[in-house]
Every structure is written in C-alpha cells, then in structure tokens.
Amino acid sequence: GVAKPVTLYIHRSRRTTHPTADAASSSGSNGTLPVKRRREGGFDIKAAKQKIKRVMNENHADFAELLESSLKEIANKLFEAKIITKQVQRSPTYDAIASSFLSMMNLLDSKSDLEKHCVKYLEALSSVGGPIEFAANLLREKWTTALEGALQLEQSVKRVRDSMNLRVNMDINPSNPLSNYRSKVPMERL
Numbered sequence: 001g002v003a004k005p006v007t008l009y010i011h012r013s014r015r016t017t018h019p020t021a022d023a024a025s026s027s028g029s030n031g032t033l034p035v036k037r038r039r040e041g042g043f044d045i046k047a048a049k050q051k052i053k054r055v056m057n058e059n060h061a062d063f064a065e066l067l068e069s070s071l072k073e074i075a076n077k078l079f080e081a082k083i084i085t086k087q088v089q090r091s092p093t094y095d096a097i098a099s100s101f102l103s104m105m106n107l108l109d110s111k112s113d114l115e116k117h118c119v120k121y122l123e124a125l126s127s128v129g130g131p132i133e134f135a136a137n138l139l140r141e142k143w144t145t146a147l148e149g150a151l152q153l154e155q156s157v158k159r160v161r162d163s164m165n166l167r168v169n170m171d172i173n174p175s176n177p178l179s180n181y182r183s184k185v186p187m188e189r190l
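Per UniProt numbering, numbering of the sequence shown is gapless, rising by one per residue and ending at 190.
Treat each hint with caution, since some may be false.
[Claimed, not checked] For each label pair, taking beta carbons as the anchor points, the in silico distance ranges come out as:
{"id": "1", "residue 1": "Gly129", "residue 2": "Lys46", "range": "33 to 41 Å"}
{"id": "2", "residue 1": "Ser112", "residue 2": "Ser69", "range": "30 to 38 Å"}
{"id": "3", "residue 1": "Thr85", "residue 2": "Glu148", "range": "27 to 35 Å"}
{"id": "4", "residue 1": "Ala64", "residue 2": "Gly42", "range": "14 to 22 Å"}
{"id": "5", "residue 1": "Ser69", "residue 2": "Ser99", "range": "18 to 26 Å"}
{"id": "6", "residue 1": "Gly130", "residue 2": "Ala47", "range": "32 to 40 Å"}
{"id": "7", "residue 1": "Lys86", "residue 2": "Gly149", "range": "31 to 39 Å"}
{"id": "8", "residue 1": "Thr85", "residue 2": "Lys116", "range": "28 to 36 Å"}
{"id": "9", "residue 1": "His60", "residue 2": "Glu80", "range": "33 to 41 Å"}
{"id": "10", "residue 1": "Ala64", "residue 2": "Glu141", "range": "23 to 31 Å"}
[Claimed, not checked] Listed below are the simulated EDC-like cross-link pairs for lysine to aspartate or glutamate, each with C-alpha atoms no more than 16 Å apart in a straight line:
{"id": "11", "residue 1": "Lys142", "residue 2": "Glu58"}
{"id": "12", "residue 1": "Lys53", "residue 2": "Glu115"}
{"id": "13", "residue 1": "Lys46", "residue 2": "Glu123"}
{"id": "14", "residue 1": "Lys72", "residue 2": "Glu58"}
{"id": "15", "residue 1": "Lys116", "residue 2": "Glu80"}
{"id": "16", "residue 1": "Lys51", "residue 2": "Glu141"}
{"id": "17", "residue 1": "Lys46", "residue 2": "Asp109"}
{"id": "18", "residue 1": "Lys120", "residue 2": "Glu58"}
{"id": "19", "residue 1": "Lys51", "residue 2": "Glu148"}
{"id": "20", "residue 1": "Lys142", "residue 2": "Asp109"}
{"id": "21", "residue 1": "Lys49", "residue 2": "Asp109"}
{"id": "22", "residue 1": "Lys82", "residue 2": "Glu58"}
{"id": "23", "residue 1": "Lys82", "residue 2": "Glu123"}
{"id": "24", "residue 1": "Lys77", "residue 2": "Glu123"}
{"id": "25", "residue 1": "Lys53", "residue 2": "Glu148"}
{"id": "26", "residue 1": "Lys111", "residue 2": "Asp44"}
{"id": "27", "residue 1": "Lys49", "residue 2": "Glu133"}
{"id": "28", "residue 1": "Lys77", "residue 2": "Glu133"}
For the record, the hints were derived by calculation from the structure and aren't laboratory data.
In this text, all values refer to a predicted model and were calculated from it rather than measured experimentally.
C-beta atoms are modelled at their ideal positions from N, C-alpha and C, and glycine is treated no differently.
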C-alpha cells in the first residue's frame, strides 16, 4: 500500500544524505528542508564564501580592465595551478577565469581548503608580476578586510614573491656558484 506521510517523514529523517541533496529533492508542501551552515571552530564557511564572492563582484569592472592586457599569461599561470580548465586557458576572459575560481570555491567545505584555494589563486596572479601582482595584493587586502582576518592569505603571497626574487637572483647572478647564468650578455643589458 501507500506509506503514511508520518512514516515517510521518519524514514526520510534517518537517511544520511547531504542536507543540500535533501533540500533539492524535497517535494513536501513546505518547500525545502533547512540547510545547516558549516562551521569549523567558529568559522562560517558559507558566509566566508559569500564575502569572497561579494568582493569579486564589487571590483569586477576594475579587475577585468586591469587584467585584460595580460589574460593569456594569467590563464597560463592559473592553468598550472589547476584553477582553470584547458578551454579557459585557450580562450581566456576575466569572466571565465573568475567563474572558474568561484565554481571551484563552491565545492570546498573546510576553512583550510578555502584558504589554500584563495592563496593558490593569489599566488598565480602574483607570479605574473607588474600590475597583476598589484591587483593580487589588492584583492588579498580586500578579502582579508571582508573576512576580518579569518583566513591566512598574506604570508603565502609574500613567501611566493620572496622565493621568486631569490630564484631570479640565482638565475642571473654570475657570482653565485649555484647560478645557471651562461649568457654572454653584459649584466647592464639584462
């Protein structure tokens, strides 16, 4: 026969599926089931993601204009960091890059994963250098402010910049015994 609604509700509440899957498949008269916010030691990941998205949206036009001149190089760095797909790398637009970053972010469910994802994005942007590095630092500051310092973003970007400077100095410094510098071009021309 047909199950009584009360019985169906009891069995449904014992299922161990993810709350958003339950909410999406709910066909009850009251709409959707409530979805709990994921908190990790007082950190509300859903709110953090919303703040990151808000900063991206509020600064969309400025960042899009600034990054426009270096989209191919940015796309190459972000592809290496596994933030964008090969398709986005081939035909990069700021919207496609931002969308890839945010889509991947939506899949994350821990503070440490969110932090790593944001840092990886900032590091890839910073590694392009010039105005793009400036944009990455500005984005880091805006995220840090919006999140009230809840994510550790600053140290990693600085660490990448410092290691890049060290690598550049080692590659072109002929007095360094570890240098791979073999060019006959005078140093002043570099």
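Which of the numbered hints above does this structure break? 4, 8, 9, 10, 13, 14, 18, 20, 22, 27
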